[in-house]
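Chemist: Those sequence lines, one after another, are chains A and B. Add 163 to the 1-based position in the first sequence for this note's numbering, that's all there is to it. Add 12 to the 1-based position in the second sequence for this note's numbering, that's all there is to it.
Keep in mind that a hint or two might mislead.
Claimed, not checked - Some chain A residues flagged as far from chain B (calculated, every beta-carbon gap over 12 Å): (1) Phe207; (2) Ser242; (3) Leu254; (4) Ser260.
Unchecked claim - Some but not every residue of chain B turned toward chain A, in silico, with C-beta under 8 Å: (5) Val149; (6) Gly156; (7) Ala173; (8) Ile187; (9) Val188; (10) Ser191.
If you are wondering where the hints come from, they were derived from the structure by calculation, not from laboratory data. Glycine included, every Cβ here is placed at the ideal spot set by N, Cα and C.
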Amino acid sequence: MKPGTTSAACTALLRRDLALTWRRRGDALNPLLFAVIVVALFPFALGPDAQVLERIAAGTIFVAVLLAALLSLDSLFRSDLDDGSLEQLVLSPHPLSLLLACKIAIHWLTTALPLIVIAPLLAMLLHLPDRVLPVLLVALALATPLLSLIGAICVALTVALRRSGMLLTLLVLPLIVPVLIFGAGACNAAQAGLPYGAPLLWLGAWLVLALVLAPLATAAALKISLT
Amino acid sequence: MNPLLLWFHKLGSPPYFYRLAGRFLPWLYAIALISGVVGLYGGLVIAPADYQQGDSFRMIYVHVPCAWMSLFVYAFMAANSFVALVWRIKLSETLAMASAPIGAAFTFITLVSGSLWGKPMWGTWWTWDARLTSELVLLFLYLGVIGLYHAIEDTRQAARAAAFLALVGVVNLPIVHYSVVWWNTLHQGQTVSLMGQSKISSSMLWPLLTMAFATHVYFFASLLARARAALLALESGKDWVRGIAQARQANAHG
Chain A
164 MKPGTTSAAC TALLRRDLAL TWRRRGDALN PLLFAVIVVA LFPFALGPDA QVLERIAAGT
224 IFVAVLLAAL LSLDSLFRSD LDDGSLEQLV LSPHPLSLLL ACKIAIHWLT TALPLIVIAP
284 LLAMLLHLPD RVLPVLLVAL ALATPLLSLI GAICVALTVA LRRSGMLLTL LVLPLIVPVL
344 IFGAGACNAA QAGLPYGAPL LWLGAWLVLA LVLAPLATAA ALKISLT
Chain B
13 MNPLLLWFHK LGSPPYFYRL AGRFLPWLYA IALISGVVGL YGGLVIAPAD YQQGDSFRMI
73 YVHVPCAWMS LFVYAFMAAN SFVALVWRIK LSETLAMASA PIGAAFTFIT LVSGSLWGKP
133 MWGTWWTWDA RLTSELVLLF LYLGVIGLYH AIEDTRQAAR AAAFLALVGV VNLPIVHYSV
193 VWWNTLHQGQ TVSLMGQSKI SSSMLWPLLT MAFATHVYFF ASLLARARAA LLALESGKDW
253 VRGIAQARQA NAHG
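Excised from the complex, chain A in its bound form:
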């Protein structure tokens, strides 16, 4: 049998992953629900004072979104490992890093993009000033793909484990500290009326670096895990 072209393989993989997510669309709502609940808990803990909430709004939303995205990371390779298609991906003649990049892209589209879409709702719950909202959205748009890419490396390392939840958190969190610092930092700077371009540019630079390196690293990690 002759293998198809690489682009055909990528398209097939993209369509398959989208179809699989669509068939279990209830699961895809879980991270959204989680983020809304976490954000809604803060006013209960800190009191309904609008000034306090306004001050912590950007950071809280960032942490909630990152945690929600972290929660969904485990599903990145889980079902593929269970039904054996992950091994087929590793064995395929096409570059594994490219195929994995497609999987990560779909994962970001289906889990992180909805989080960005509901971010204005979260911002409203915590009285985030309107002028900060665009900065928050841009920062999230740069930070969530970074989390998906860095997280994918760690998921690839832990994929063969039966219970990887806590370990995955331990592996991912130290690596994404800069994402949180720059993302929330940009929002806080915007809120204080300071220039916020630099942290956003840093996030962008790191995203470019991760876009190139993370799929390669994920592929290498996956090969170690599946031997």
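Position chain B against the provided structure of chain A, taking the given hints into account.
Modeler: Relative to the frame of chain A, chain B by itself:
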């Protein structure tokens, strides 16, 4: 073959390494103990008190060497991880994984001694300063490597996965460090530098350098001891391990 290269190849063989490490171990422990006692005596007793910080400054004789070691051990672990992944040398896997708990311990001591010093000096146990935060992140990286190593059942596969994580950490550490520096800074700047004049009196400096020497030697002693035990476990089915076990048994009965 070049004799040095030949020796290097021999060193990679577990039985040879086991014997050689066993011969070095007592010496390393002795040197570490002696230089550690000398360094601590010099630092805690002989060195003059600081004009500003009084006797509290003596914490640096534990804190600073451990902080240096926390970075040195990570670099050592990462270098061994690289060798293990690229050339698949079993000994490097063992060395990388044996150094992780020691590095985590040094990092932990650094954090604890730093916060003990911080209470009288800064008036607080903990502050979200750049260096403290990077050190905390380093501790989490160590814990991640150790956790991943113990979570995977097959020892060699576990070592390779954890080694890979250590390398990912190396790429990330500078980014984490500089982002945290950019974020906040309170910790005092560097006082001791390899190049040029150190900003510390020589009467205070020599115990510090002695302690740094002692912690390095201790690290290698502890590393060899751990690696020896790990090699025995890893090669438990092999003849040379059986030979050692039988010799021990004969000694015990004889």
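Chemist: Now tell me, hint by hint, if it's right for this structure.
Modeler: For each hint, the structure was consulted:
Listed as a non-interface residue, A:Phe207 keeps its Cβ farther than 12 Å from every Cβ of chain B; the least gap is roughly 25 Å. With a closest Cβ-Cβ approach of about 21 Å to chain B, A:Ser242 is found to remain outside the 12 Å limit, as its non-interface label requires. With a least CB separation of 18 Å from chain B, A:Leu254 remains clear of the 12 Å interface cut-off, as annotated. Here A:Ser260 stays apart from chain B, with its beta-carbon at least about 15 Å from theirs, past the 12 Å limit.
Because the closest C-beta pair between B:Val149 and chain A is about 5 Å apart, less than 8 Å, the hint holds. For B:Gly156, the interface hint holds, the least distance from its beta-carbon to any beta-carbon of chain A being 5 Å, beneath 8 Å. Annotation: B:Ala173 was flagged as interfacial toward chain A, and the flag holds, the nearest CB pair being 5 Å apart, inside 8 Å. Interface restraint check for B:Ile187: the shortest CB-CB distance to chain A comes to about 5 Å, inside 8 Å, so the restraint holds.
With a cut of 8 Å, the hint placing B:Val188 at the interface with chain A holds, because the nearest CB-to-CB distance is about 5 Å. Proximity of B:Ser191 to chain A holds as hinted, the smallest CB-CB distance being about 4 Å (cut-off 8 Å).
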